[in-house]
Amino acid sequence: MKDDFLNRTFRHWSMWPCLAFLLVLSVYPVLQLVPMALSTIQITAEGTFWTYSPRRNLDLLLGDEVLRDAIVNTLVFVVLSVAIEMVLGFFAALFIACMPRGRNFARTVMILPILLPAVAIGSMWKLLFNYDFGLFNQMVGLIGLNPINWLGDTRWALLSIVIVDVWHWTPFVFLILFASIETLPQDVLEAGRVDGATAWQMISLIILPLLGPALAVAALFRAIVAFKAFDQVYLLTSGGPGTSTELLSLHLNRVFFEQNQLGYGAMLSLSIIGVIVATLAVGKWSATQIERKRTGR
Amino acid sequence: MKFQFATAFAAASALAFAAAGPAAAQTPFADVGKHPEISILINSSPWFGGFEKVVDLYEKQTGNKVKLDVTPYGGVLEKARNAVRAANSPYDLVNLDTPWTIEFYEGNFLRPLTEIDPGFALPAEVLTYEDSNYWNAQRRWRTRDGGQLMGYSPNGNVHVLYYRADLLQQAGMQPPKTWADVAAICKKFYAPPGMYGFVARGEKGNPIRSDWTSLMQGAGASVVRAPQNGDYTVTINSPEAKVALDQFISLQKECAPPNAGVMGQGDVIQLLATGRAVQGLAVIAAWSTFDDRQKSAVVGKINTAMVPGFPGREPGVAIGNWVFAVPKNVPAERQRAALAFSRWFLTAGAQRAYAEGGGIPVRSDIFASELASKPEFRWMRTYIDSQKYARQELGFAEGVQVEAVLGLRLNQALIGEMSTARALNTAAREIEEIFQRSGRRTGKLGALPE
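Protein sequence lines correspond, in order, to chains A and B. For the first sequence, this note's numbering begins at 541 and goes up steadily by one. For the second sequence, this note's numbering begins at 548 and goes up steadily by one.
Keep in mind that a hint or two might mislead.
Straight-line alpha carbon distances no greater than 27 Å define the calculated DSSO-like cross-link-like pairs of lysine-lysine that follow [what the hints assert, rightly or not]:
1. B:K626 - B:K612
2. B:K614 - B:K600
3. B:K875 - A:K666
4. B:K735 - B:K724
5. B:K612 - B:K921
6. A:K768 - B:K626
7. B:K626 - B:K848
8. B:K848 - B:K735
9. B:K800 - A:K666
Don't read these hints as lab results, they were simulated from the structure.
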C-alpha cells in the first residue's frame, strides 16, 4: 500500500530537490529585487539600512536619459547580431555538412572563437580595429579608401561591436544547426532530390522547415545571451563613444557596482528583465503567427 | 594644503641637508619585529612593479611574509567591498582609489590607524594629497582637521605633461608652459599617423573626467563651489570651465588621433612609448614605462613638465592617488602586522627602494635627495613642483555619480554630439539633481549660452 503510494507520487516528490534548487537560487534572488527596487539601501559595518523610497527610484528610472539610449542600442545589437549569426551559422553548417571529407576538422576550427576568453577577444579585436595600424584599416587603405574610425566614431562603434559578436557567437549557432542537419531524415532529402528540387527549393522547402525547432532554440539562446552581452563591449568601448555602444548590461553595471546605487540598480534590473521577457514574448508570438500562416492552422 | 606641503618639503630638505654625504645613501629602515603573514589587495597599475620590489625587500629584511592579490583596476573595488562586508576580511590592507574612499570611510568599514596603535603617526615627510587619508565623519569631509587617520597613500599620482625632449631640443623649442605652447609644439610636429602632436585620455567616464580636470582647475573652474563648507552649488557650467573644455577639445581635434573619444590610459602610454606622440598628458605612474627598454622605443628621450596653465593663472594639477587602509574586520594581530608593514613602507629607506624599483615614492625627502639629480629620476623635480598646485576633486559621497555624469557629457562634447556649452549645462543640471536627492544645499549657475 505504502509502496504503491510512493510509486504513484514519485513524479511529484522527485521534483522537490530541483524545485528547491530553483526557488533558492533563482526565484528568491529575483523576488529579493522587488523590495530592493522600492528602497534606498546603505551598507555599513553596522548593518544594512533600507529606506522605503519607491518614488525616488521610479523618478530615477523615468529620468534616466542614458537608459533610453541603452535600450535602443541593446535592441539594435540583439536583432542585428542574432539575425546575422543565424544566417551565417546556417550556411556554415550546411556547407560543412555537405563536405565530402574534412568535416571534423572544419567543425573544430569553426568552434575556436567560442573557446577563447573574452579578454583575449577584446584585446585581439581592439588591435584589429586600431585606427592607425589595425588590419582592417590596412585593408581599407589597400583599396584606396580613407581609414575608418571603427571604435571611435558613433556611426561605426555599434556595428563594430556587432561584428565582434558575430565572429564570437556564429559558431554556437553553427554547432546547434550542424548537429541537426546531420540528423535530418535522409529519405526526405532523397525524395526531394528525386523529385528534381533545386538547391534553393531543397533549402527553403525541406531543410529549413525540418530545422525549425533547432533554429528556434539557437535563436532563443543567442537572443538571451546577446541581451546580456557585457565583456566584449566593456573591453572594446566601455559603452562609448558617448552612449553609442552603451548596452543595458553596461549601464546596469555602472549603476549597481560603480555607483553603488543598489535600490535603483534593482529597479533597473527588474525593468531589464521586463524588457527581455517582453521582447522574447513578442518574438515567440510573431514566430507562432508566421508558422500558423505557413501551415494554414 | 599649500602650507602643509611647504612644511613637509622644508622639513625634508633640512633632513636631506643634514644627511648629506656618503651616509645619506644608507637611509634607515624601521625594525618592526616579527608578525604574521599579511595579505594586500593591490591594483595592477603601471607602478605595481616598484611596489612588488619593495615588498620583496620587506620580506627579506624582516622575515615577515606578504601575500599580494594583484587585481586589474576594474576588479579592485568589488573585491574591497566584498572583503570589508564579510565577517572576516581576507585582506589586511586594501588599496582604494581616492573616489572610492568615502564609501568605505562613511560605511565605517576601516580601522583608523591610530586605533590600532595610538602611538602611530605618519612621518612629517609623507605626502597626504590634500588629506585624502583622513576622515572627519561629522563634516563628511576628508581633512585632518578633526579627522581620523584612516590610511596613507602608497601612490600619489598627479598629472604631468610628457614631451619628447630630443625633438624639442632639435627644433630649438622650450618645454611647454601654457596650453598655447602645447598647441604650437603640436603644430610643429603633427604628422599623422607617424606622429601626433598631443595625446590625452578621451574615453568616457573616469578617463576623460580625470584628464580634463587638470585643465578645469588651471582655468580657475570647479565642479562644486565649496563642498568643504557644505556649499554644493554646482559651478561646472561656468565660463572658465567652458574655456577649459574648449581648449581640451581643440587640442584633441587638432593634435590627437581621430579615435580620441575612446582613448584610455593604455593608448596614451602606448603612443608616447612607441614614439608616435610628441606630447601627452598622463599620470606620473606611467613614467616607469618610458625608460624601460622592454616597453619603450624612446628610452631617455622623454621628459616631464608640469601640467601647462592658462595665461595669468596658476597651473591645475589633478591628483589621482590611492589609499592603503586596514579593514575593521581583520583580527587585531593582523591589523598590527599591517601597520608594521606600513610603518616600514613609509621609512625613507623603503621609499628610496620603492623609487629605485620604479615606484612613485610618497615622501618629500626622497625628492629632495640626490636621487632627483640622476637622469633616470629626472621626473622627480616636476613631480614635487606639481605638488604645490595639486588638488583633489569630487571629494564627497556623491563623487562617483558626479564622475559618471561628467565622464559622459565631456565625452559627448569631445565626439561632437553636443556643444561644449550644452555638455556643461547638461552636466550641471544632472549634478544638481544628484545633490538634491542627497539633501545637500545646492543650486547651479545660470546656463551658458548654447
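Cross-check of the supplied hints:
1. Annotation: proposed proximity of K626 (chain B) to K612 (chain B) holds, straight-line Cα distance about 21 Å (limit 27 Å).
2. Distance check on the hinted pair: K614 (chain B) and K600 (chain B) sit about 13 Å apart at the alpha-carbon level, within 27 Å; holds.
3. Proximity of K875 (chain B) to K666 (chain A) is assessed by CA-CA distance (about 41 Å); at most 27 Å being required, the pair is judged violated.
4. Between the alpha carbons of K735 (chain B) and K724 (chain B) the distance comes to roughly 16 Å, so the proposed pair stays at or under 27 Å and holds.
5. Between K612 (chain B) and K921 (chain B), the direct Cα distance comes to roughly 32 Å. Violation of the 27 Å bound is thereby established for this hinted pair.
6. Between K768 (chain A) and K626 (chain B), the direct Cα distance comes to roughly 22 Å. Compliance with the 27 Å bound is thereby established for this hinted pair.
7. The suggested pairing of K626 (chain B) with K848 (chain B) is violated, with an alpha-carbon distance near 39 Å, which exceeds 27 Å.
8. Distance check on the hinted pair: K848 (chain B) and K735 (chain B) sit about 18 Å apart at the alpha-carbon level, within 27 Å; holds.
9. At roughly 21 Å between alpha-carbon atoms, K800 (chain B) and K666 (chain A) fall within 27 Å of each other, so this suggested pair holds.
Hint compliance for this structure: hints 3, 5, 7 are broken, all remaining hints hold.
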